Amino acid sequence: MKLSVSEIAKTIHAKVIGDPSFVIKGVSSFDDSGAHDITFACETKYLTNLKQTKAGAVIVPDTFTVDKNYCKNIILLKTDNPKVSFFKLVSKFHPEKKIKSCIHHSADIGQHVEVGKNPIIGSNVFIGDNVQIGKNANLMPGVYIGDDVSIGDNALIKPNVTIMEKTRIGKNAIIHSGTVIGSDGFGFAQNFGKHEKIIHTGYVHIGDDVEIGACNTIDRGTLGMTVIGNGVKTDNLVHIAHNVKIGDNTLIVAQVGIAGSTDIGKNVIIAGNASITGHIKIGDGSIVGPCAGVCSDVPENKIVSGMPHMPHVRWRKVVNIISRLPEMRKKLFSFEKRLKDLENKNE
Amino acid sequence: MKLSVSEIAKTIHAKVIGDPSFVIKGVSSFDDSGAHDITFACETKYLTNLKQTKAGAVIVPDTFTVDKNYCKNIILLKTDNPKVSFFKLVSKFHPEKKIKSCIHHSADIGQHVEVGKNPIIGSNVFIGDNVQIGKNANLMPGVYIGDDVSIGDNALIKPNVTIMEKTRIGKNAIIHSGTVIGSDGFGFAQNFGKHEKIIHTGYVHIGDDVEIGACNTIDRGTLGMTVIGNGVKTDNLVHIAHNVKIGDNTLIVAQVGIAGSTDIGKNVIIAGNASITGHIKIGDGSIVGPCAGVCSDVPENKIVSGMPHMPHVRWRKVVNIISRLPEMRKKLFSFEKRLKDLENKNE
Amino acid sequence: MKLSVSEIAKTIHAKVIGDPSFVIKGVSSFDDSGAHDITFACETKYLTNLKQTKAGAVIVPDTFTVDKNYCKNIILLKTDNPKVSFFKLVSKFHPEKKIKSCIHHSADIGQHVEVGKNPIIGSNVFIGDNVQIGKNANLMPGVYIGDDVSIGDNALIKPNVTIMEKTRIGKNAIIHSGTVIGSDGFGFAQNFGKHEKIIHTGYVHIGDDVEIGACNTIDRGTLGMTVIGNGVKTDNLVHIAHNVKIGDNTLIVAQVGIAGSTDIGKNVIIAGNASITGHIKIGDGSIVGPCAGVCSDVPENKIVSGMPHMPHVRWRKVVNIISRLPEMRKKLFSFEKRLKDLENKNE
Numbered sequence: 036m037k038l039s040v041s042e043i044a045k046t047i048h049a050k051v052i053g054d055p056s057f058v059i060k061g062v063s064s065f066d067d068s069g070a071h072d073i074t075f076a077c078e079t080k081y082l083t084n085l086k087q088t089k090a091g092a093v094i095v096p097d098t099f100t101v102d103k104n105y106c107k108n109i110i111l112l113k114t115d116n117p118k119v120s121f122f123k124l125v126s127k128f129h130p131e132k133k134i135k136s137c138i139h140h141s142a143d144i145g146q147h148v149e150v151g152k153n154p155i156i157g158s159n160v161f162i163g164d165n166v167q168i169g170k171n172a173n174l175m176p177g178v179y180i181g182d183d184v185s186i187g188d189n190a191l192i193k194p195n196v197t198i199m200e201k202t203r204i205g206k207n208a209i210i211h212s213g214t215v216i217g218s219d220g221f222g223f224a225q226n227f228g229k230h231e232k233i234i235h236t237g238y239v240h241i242g243d244d245v246e247i248g249a250c251n252t253i254d255r256g257t258l259g260m261t262v263i264g265n266g267v268k269t270d271n272l273v274h275i276a277h278n279v280k281i282g283d284n285t286l287i288v289a290q291v292g293i294a295g296s297t298d299i300g301k302n303v304i305i306a307g308n309a310s311i312t313g314h315i316k317i318g319d320g321s322i323v324g325p326c327a328g329v330c331s332d333v334p335e336n337k338i339v340s341g342m343p344h345m346p347h348v349r350w351r352k353v354v355n356i357i358s359r360l361p362e363m364r365k366k367l368f369s370f371e372k373r374l375k376d377l378e379n380k381n382e
Numbered sequence: 036m037k038l039s040v041s042e043i044a045k046t047i048h049a050k051v052i053g054d055p056s057f058v059i060k061g062v063s064s065f066d067d068s069g070a071h072d073i074t075f076a077c078e079t080k081y082l083t084n085l086k087q088t089k090a091g092a093v094i095v096p097d098t099f100t101v102d103k104n105y106c107k108n109i110i111l112l113k114t115d116n117p118k119v120s121f122f123k124l125v126s127k128f129h130p131e132k133k134i135k136s137c138i139h140h141s142a143d144i145g146q147h148v149e150v151g152k153n154p155i156i157g158s159n160v161f162i163g164d165n166v167q168i169g170k171n172a173n174l175m176p177g178v179y180i181g182d183d184v185s186i187g188d189n190a191l192i193k194p195n196v197t198i199m200e201k202t203r204i205g206k207n208a209i210i211h212s213g214t215v216i217g218s219d220g221f222g223f224a225q226n227f228g229k230h231e232k233i234i235h236t237g238y239v240h241i242g243d244d245v246e247i248g249a250c251n252t253i254d255r256g257t258l259g260m261t262v263i264g265n266g267v268k269t270d271n272l273v274h275i276a277h278n279v280k281i282g283d284n285t286l287i288v289a290q291v292g293i294a295g296s297t298d299i300g301k302n303v304i305i306a307g308n309a310s311i312t313g314h315i316k317i318g319d320g321s322i323v324g325p326c327a328g329v330c331s332d333v334p335e336n337k338i339v340s341g342m343p344h345m346p347h348v349r350w351r352k353v354v355n356i357i358s359r360l361p362e363m364r365k366k367l368f369s370f371e372k373r374l375k376d377l378e379n380k381n382e
Numbered sequence: 036m037k038l039s040v041s042e043i044a045k046t047i048h049a050k051v052i053g054d055p056s057f058v059i060k061g062v063s064s065f066d067d068s069g070a071h072d073i074t075f076a077c078e079t080k081y082l083t084n085l086k087q088t089k090a091g092a093v094i095v096p097d098t099f100t101v102d103k104n105y106c107k108n109i110i111l112l113k114t115d116n117p118k119v120s121f122f123k124l125v126s127k128f129h130p131e132k133k134i135k136s137c138i139h140h141s142a143d144i145g146q147h148v149e150v151g152k153n154p155i156i157g158s159n160v161f162i163g164d165n166v167q168i169g170k171n172a173n174l175m176p177g178v179y180i181g182d183d184v185s186i187g188d189n190a191l192i193k194p195n196v197t198i199m200e201k202t203r204i205g206k207n208a209i210i211h212s213g214t215v216i217g218s219d220g221f222g223f224a225q226n227f228g229k230h231e232k233i234i235h236t237g238y239v240h241i242g243d244d245v246e247i248g249a250c251n252t253i254d255r256g257t258l259g260m261t262v263i264g265n266g267v268k269t270d271n272l273v274h275i276a277h278n279v280k281i282g283d284n285t286l287i288v289a290q291v292g293i294a295g296s297t298d299i300g301k302n303v304i305i306a307g308n309a310s311i312t313g314h315i316k317i318g319d320g321s322i323v324g325p326c327a328g329v330c331s332d333v334p335e336n337k338i339v340s341g342m343p344h345m346p347h348v349r350w351r352k353v354v355n356i357i358s359r360l361p362e363m364r365k366k367l368f369s370f371e372k373r374l375k376d377l378e379n380k381n382e
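Residue numbers (this note's numbering), protein chains in the order written: chain A, 36 to 382; chain B, 36 to 382; chain C, 36 to 382.
Bound conformation, chain A alone (with noise of 0.2 Å):
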């Protein structure tokens, strides 16, 4: 595909500055670029160092300015999200193949199913009794759909994920590979030193627009319901307990594990490798730390890192101490000696 800098413009909403006639065949990252690429800047240090790149157009933000004779030979495009701007090129540049709509002979379809308009149903799918598909969803190969479960229209469901049964998917959602939803939970009952099973009758409720990342794992409610809310994106391998509950736009990242019954807030974002302990909350707009241990409440709109979590701006201070203590205890012991030689004197 070849797209002239002014037809870009148009697509994006931007105002050039530079060749409105230049040719671009190709979007790229600002490192990888060539010369008839176009890639994009927001960051400090991309911005200020526009030379680097050997793209031939970056967008950047309306209200980035620059020495004209700076960078003479990059094409600028401003628009107010260079970002969003560039992957909608990203898109334009790369259209998503068309698949068919088809429902594959292999497939093992149960009864009192119903699917939408354009279903996609790929080889070696299983649905299972009372199912719902909405339309344009995609069940790609080897995806297995349990008893009672309902799929939202527009459903990605990518290959060899599982869903269990009675759970509930909304539109848009995309479900990446070897994610399991709607496993029991981990719930025993203690008896006569044995751990006796609990049947988990609940199940999951996905919401509209969600991402659920590969070999995630998300247990459906011992009674009641796990929720995913809307416009929750999740990075792979999570796990979320039976009955936890997570508010609209939270953004958790890779191999977070959530313990059970806990509500997660809106527009959180959980980063890598958090533990999120069982049964507290944690308030809208919150950040958590890469690795940290979240043992109690947070409130809404704090930042927290470390392990046990405490407020992110003392884990700095904290941080730096820990690397240092072999300097403190040292000094501590010198102390000591001083102190002591000190009392001396003064009996």
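Read the hints as simulated data drawn from the structure, not as lab findings.
Computed from a prediction, not measured in an experiment: that's the story for all the values here.
A couple of the hints might just be wrong.
Same chains, same names: a pair is fine if it fits in one copy or spans any two.
What the hints assert, rightly or not - Calculated lysine-lysine pairs in the DSBU-like style (CA-CA distance at most 35 Å, straight line):
{"no.": "1", "residue 1": "LYS337", "residue 2": "LYS135"}
{"no.": "2", "residue 1": "LYS86", "residue 2": "LYS50"}
{"no.": "3", "residue 1": "LYS127", "residue 2": "LYS229"}
{"no.": "4", "residue 1": "LYS280", "residue 2": "LYS107"}
{"no.": "5", "residue 1": "LYS133", "residue 2": "LYS170"}
{"no.": "6", "residue 1": "LYS50", "residue 2": "LYS337"}
{"no.": "7", "residue 1": "LYS152", "residue 2": "LYS86"}
{"no.": "8", "residue 1": "LYS366", "residue 2": "LYS229"}
{"no.": "9", "residue 1": "LYS352", "residue 2": "LYS135"}
{"no.": "10", "residue 1": "LYS316", "residue 2": "LYS229"}
{"no.": "11", "residue 1": "LYS201", "residue 2": "LYS89"}
{"no.": "12", "residue 1": "LYS280", "residue 2": "LYS352"}
{"no.": "13", "residue 1": "LYS316", "residue 2": "LYS135"}
{"no.": "14", "residue 1": "LYS60", "residue 2": "LYS280"}
{"no.": "15", "residue 1": "LYS201", "residue 2": "LYS366"}
{"no.": "16", "residue 1": "LYS127", "residue 2": "LYS316"}
{"no.": "17", "residue 1": "LYS37", "residue 2": "LYS280"}
{"no.": "18", "residue 1": "LYS60", "residue 2": "LYS123"}
{"no.": "19", "residue 1": "LYS380", "residue 2": "LYS45"}
{"no.": "20", "residue 1": "LYS337", "residue 2": "LYS301"}
{"no.": "21", "residue 1": "LYS280", "residue 2": "LYS123"}
{"no.": "22", "residue 1": "LYS37", "residue 2": "LYS135"}
{"no.": "23", "residue 1": "LYS232", "residue 2": "LYS89"}
{"no.": "24", "residue 1": "LYS375", "residue 2": "LYS280"}
Dock chains B and C against chain A, hints included.
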């Protein structure tokens, strides 16, 4: 389903305080119950707030006493283990769907496979050669069973589970989706700077009454066995390396990792995201705290926490101090000044 | 299988001390060996306790010397790399089962697929369009291969592995079950408070002689590549984010997470459960300790540990002090009192 309180009392051997003819229509949690639901209360926070549930009846411990007027509208059912009693009722109100025994035509079954009575073998199941499947076993769609595997009676293998060659799984096992049993361990021999693959000829032995969570990875022994004892329960995303031995009735919470050749005792509890190093021994009855890093032997019946692990009581103290390290450091510097002042005066 | 000690010595180029006609019937570990087994000993703890094995023969290093009378009943075979020699024998005693080349009738194979000589394509395998499969490749049951993928010669893809579009996998690769390669990275653009999905057009490039453990997740490049170098080995449940580069012969132990765009050198070792932040560089030959949290660049040939990471030698000291923090704090408070006393006296 509708049951009178007296019918329920018979089922769970409870003593009734209140109207035995009251009709119960469902089971629910303390917080979500409606007027005709039954729930249970074991913990003090629920028992001291019985008025806060809207349930018509609550199962409480034998030993629980309460002023008659305090909760005169709630029917109490007293048993010695309310949680076990309650989940017995859950099973009664939510009877399991009976699936007819069948072997799906798309299952790919090898030679010399013995299958017990009443098997359920789902679509797209693969079974290798020389496999034994016990009676009433249920291999759900997409399950892979390698050569020379044996699966015990009543085992339930959920969709998309992978069980590699020579694995032995006991009676009544439940293996959740996405789990891989019998993968090769992480073992290489260094040879002229390259990592040469070691052939893993061992296998995994899983006892009776075991439940393995979703997306676990349990490696085969390099030589000899990896052993999961009877009654062991694991949560999701647990990693168990080659030649690990886990004693009976041990509980392993989500995202725990256990390195090669480690020996975990009976009735141990390992909390979420803990890491256990290789070639060590954790004694019977011990408890490992969440996110702990265990790097040496733990004797029997100890509670350890922290990174690196230490007695839990000590870790509780350490945890309190870690967040106060900046103040400790400040104090230390102020002492230095005061010491110098004193030393100058005493010269 | 039965082999005389002299036959074995020929196979592994060993010098024999003891009876060359003695018959060996099996290979086993130091602790589990019987009278007609052969085992090996490299580490001092085994070499100094040779009497404790019941093996008939032990492979030991060339340089090992021992008093004749100390272990007169054990035949010694000396080689320069006993571990490599031993596992060569393991392969001899446990020859791999030969599987006949075949393409199972249930495999769902797309258009323009080139398959090399002697392929094994199992039941329920899905292969997309424009795929190249090398000679002797083995795609086990339930494997998903997306469009435009290439798989090298002799590759072994275990059951239920998912390989998404455009992935390139080198020769002799082994990919264990449950692993997902080429999932979309965790990348969103913020747009009016919503997380807009970024199209991921990159891919994953995996070199030759790579082994990837079970339930790994390796994301495609957002733009450009995620690269796993030649000879890299990963353990189970490892997460490798978009655009990560991993150098040749690097080892990554279980449950490690590597965030986006990080560059790991050659011959690096990353121990279990370590977390590596995004956009950093870890130099060739470095070692990252277990559970470490690496949050900035690590130069070549360094050993780092701890959270946050620091030189390993320092971390060892810090670790010792952390558990003694309560005593340090107590001492600090006692100093305060003693300082005050001295100050009062000196007023």
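Now for the hints, and whether the structure bears them out:
no.: 1; hint: LYS337 - LYS135; verdict: neither (47 Å within a copy, 53 Å between copies)
no.: 2; hint: LYS86 - LYS50; verdict: within (20 Å within a copy, 65 Å between copies)
no.: 3; hint: LYS127 - LYS229; verdict: between (59 Å within a copy, 21 Å between copies)
no.: 4; hint: LYS280 - LYS107; verdict: between (52 Å within a copy, 33 Å between copies)
no.: 5; hint: LYS133 - LYS170; verdict: both (15 Å within a copy, 31 Å between copies)
no.: 6; hint: LYS50 - LYS337; verdict: neither (38 Å within a copy, 48 Å between copies)
no.: 7; hint: LYS152 - LYS86; verdict: neither (50 Å within a copy, 50 Å between copies)
no.: 8; hint: LYS366 - LYS229; verdict: neither (52 Å within a copy, 46 Å between copies)
no.: 9; hint: LYS352 - LYS135; verdict: neither (57 Å within a copy, 63 Å between copies)
no.: 10; hint: LYS316 - LYS229; verdict: both (31 Å within a copy, 23 Å between copies)
no.: 11; hint: LYS201 - LYS89; verdict: between (52 Å within a copy, 25 Å between copies)
no.: 12; hint: LYS280 - LYS352; verdict: both (32 Å within a copy, 32 Å between copies)
no.: 13; hint: LYS316 - LYS135; verdict: neither (45 Å within a copy, 44 Å between copies)
no.: 14; hint: LYS60 - LYS280; verdict: between (45 Å within a copy, 26 Å between copies)
no.: 15; hint: LYS201 - LYS366; verdict: neither (62 Å within a copy, 59 Å between copies)
no.: 16; hint: LYS127 - LYS316; verdict: between (42 Å within a copy, 33 Å between copies)
no.: 17; hint: LYS37 - LYS280; verdict: between (47 Å within a copy, 30 Å between copies)
no.: 18; hint: LYS60 - LYS123; verdict: within (15 Å within a copy, 54 Å between copies)
no.: 19; hint: LYS380 - LYS45; verdict: neither (85 Å within a copy, 79 Å between copies)
no.: 20; hint: LYS337 - LYS301; verdict: within (13 Å within a copy, 39 Å between copies)
no.: 21; hint: LYS280 - LYS123; verdict: both (32 Å within a copy, 26 Å between copies)
no.: 22; hint: LYS37 - LYS135; verdict: within (27 Å within a copy, 49 Å between copies)
no.: 23; hint: LYS232 - LYS89; verdict: between (61 Å within a copy, 26 Å between copies)
no.: 24; hint: LYS375 - LYS280; verdict: neither (58 Å within a copy, 53 Å between copies)
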